[in-house]
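Chemist: From first to last, the protein sequence lines are chains U and C.
In terms of the working numbering, the first sequence opens at residue 1 and continues consecutively.
In terms of the working numbering, the second sequence opens at residue 1 and continues consecutively.
Each hint should be verified, as a subset may be incorrect.
[Unchecked claim] Listed next, the stretches of chain U that the computed footprint assigns to chain C, with coverage defined by at least 3 CB atoms under 8 Å from CB atoms of chain C:
(1) 236-249
(2) 272-284
(3) 314-320
By construction, these hints were calculated from the structure, which means they are not laboratory data.
Even for Gly, the Cβ is constructed at its ideal location relative to N, Cα and C.
Below, each chain spelled out in residue letters.
Protein chains: 2
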Amino acid sequence: MDITRIEAAAERLRGNVRRTPLLSSAALDAIAGRRVLVKAECLQHTGSFKARGGWAAISALTAEERACGVIAYSSGNHAQGVARAARALGVHAVIVMPSDAPRSKIDGTRAYGAELVFYDRATGDREALGAGIAEERGLTLILPYDHPEVIAGQGTAGLEIAEQAAEMGVREAEVVVCCGGGGFTSGIALALEAHAPEMRVRPAEPTGFDDVARSLASGSKQFNAQTGGGLCDAILTPTPGTLTLPILSRLCGPGLVVEDDEVLRAMALAFRHLRLVVEPGGAVALASALFRPEAFEGHTAIATLSGGNVDPDVFRRALDLV
Amino acid sequence: MDITRIEAAAERLRGNVRRTPLLSSAALDAIAGRRVLVKAECLQHTGSFKARGGWAAISALTAEERACGVIAYSSGNHAQGVARAARALGVHAVIVMPSDAPRSKIDGTRAYGAELVFYDRATGDREALGAGIAEERGLTLILPYDHPEVIAGQGTAGLEIAEQAAEMGVREAEVVVCCGGGGFTSGIALALEAHAPEMRVRPAEPTGFDDVARSLASGSKQFNAQTGGGLCDAILTPTPGTLTLPILSRLCGPGLVVEDDEVLRAMALAFRHLRLVVEPGGAVALASALFRPEAFEGHTAIATLSGGNVDPDVFRRALDLV
Chain U
1 MDITRIEAAA ERLRGNVRRT PLLSSAALDA IAGRRVLVKA ECLQHTGSFK ARGGWAAISA
61 LTAEERACGV IAYSSGNHAQ GVARAARALG VHAVIVMPSD APRSKIDGTR AYGAELVFYD
121 RATGDREALG AGIAEERGLT LILPYDHPEV IAGQGTAGLE IAEQAAEMGV REAEVVVCCG
181 GGGFTSGIAL ALEAHAPEMR VRPAEPTGFD DVARSLASGS KQFNAQTGGG LCDAILTPTP
241 GTLTLPILSR LCGPGLVVED DEVLRAMALA FRHLRLVVEP GGAVALASAL FRPEAFEGHT
301 AIATLSGGNV DPDVFRRALD LV
Chain C
1 MDITRIEAAA ERLRGNVRRT PLLSSAALDA IAGRRVLVKA ECLQHTGSFK ARGGWAAISA
61 LTAEERACGV IAYSSGNHAQ GVARAARALG VHAVIVMPSD APRSKIDGTR AYGAELVFYD
121 RATGDREALG AGIAEERGLT LILPYDHPEV IAGQGTAGLE IAEQAAEMGV REAEVVVCCG
181 GGGFTSGIAL ALEAHAPEMR VRPAEPTGFD DVARSLASGS KQFNAQTGGG LCDAILTPTP
241 GTLTLPILSR LCGPGLVVED DEVLRAMALA FRHLRLVVEP GGAVALASAL FRPEAFEGHT
301 AIATLSGGNV DPDVFRRALD LV
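Isolated chain U (complex conformation) (with noise of 0.2 Å):
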């Protein structure tokens, strides 16, 4: 993994991605005491940046690839994008999710036009059933987040974080991402180590779910004792992956951990300073922006609002704290 592939990623994605606005709010800056930028992948294709590494990887598949179809595992973010680049593409996918993802997140997966498998959470194993249907039709394995082309295609977020905030005069920062797998926060590392060296990544993760903090801080892989049934849907993975953890421990850290209900105050605060849906576990970054600003050094943070797919009824209660 190199900066030429997340270059490269880039030039695929050029029209078919968007470019999300960095943008702030006097009102969050007071709060944090500091500059807080967000970087809006809730107004990306899909309401995530997973638009990106789906796009990325679909795009990067032989022709013969492409025509047996591709499958791929997700709570329902990486899902949609792998599902949209399929379709853009002329790609079938199949897409295996648990059978407790946000009803948004399955209504826009199958608007794409995937085939959807489901799974129950907390007894089956998404990726030996993943692997399984894999092998039995033929299909290529799209990895959320431990996959070259995905994490390439996240990176390209960091390529747009480092010219945005240039234009804003900003070269340094501490830019805090939501991280599940890793592969979204090892991209934009990736991406900033070339170019903007003197931006620092911090990973941020929800109380419970913090096997990336622990692994940082601890210098090997670490689990979680759950894997489901917490708010922050989109970044409840086992551990780090494989491909992201070296990256991880090479340019990012120390971790943020975060709880629930500052979760949920980030995304009031999101609905009123910035106007912007956010989803539990997109808005982890900016809880930690926000209500962590011992943890930060000097005058900026830049945090990631990774998605903003969320059902009503937990916003509903993000809205009851405004």
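On the provided structure of chain U, position chain C as indicated by the hints.
Modeler: Showing chain C alone in chain U's frame:
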């Protein structure tokens, strides 16, 4: 009023207001039966396009006028636009607001450091109150729409629409604009007349407050029976402006009128498919594009999402419809 004034305002606004994105969603296209592009002014500083007109007006004042201060009356969005520009340019601002304005708008205006004066929307006369305070304290009155620089500032959004649509290959479109007194609508119409002559502007209003639609249809200035109590607080003006009506009559129409429940449904769809927070008065144009397809011609409708300053209790009503 002509295009040179809008272009001059655009120069003064550069770097001080946002170039907001022109977004789309396949799901919304499917509902409308044509391509729908949305100009996301809810992402503008202060949460509405009014930041444009406020900046244009205050930046056009003489040094002497700036030293004396300004006054504006507003249901809350013009208030914030004027207050933000005034603070940034070192001008004292007095804002006259209805006491039943949304909490978010009152708090936002206060946060920009303005001096607030409240009146009762049912019994008070904001124009007389504003003119009286202006006279007494020597303040310059920044009218919300019947003001050449305000119209020019709002028109800068039209320059962006012309440019952004052309980048997408769109030159012909019906451009639906949420319409109160007509400042935004007439400014955009003037900008498009010069830069996208194949586009036509359609004012959109809520039922019961369709003074502009009726004025255009009848050829003479019409009034609304009531001036308050509607869902769409931002655009409940009694009658078209003296400066704006001739522009609207020459360039715009016919008007579109939607029901409050359609406005709430448009807000719900913006939540789900665009991940944007839109206020009722800012969702009227999108509601028209989605739910009045028979009233449109051509392949593309462009709808302004004029603002996103909405209190949680109103937003919950929209979430019930997701």
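Chemist: Provide an ascending list of the numbers of those earlier hints which the structure does not satisfy.
Modeler: 1
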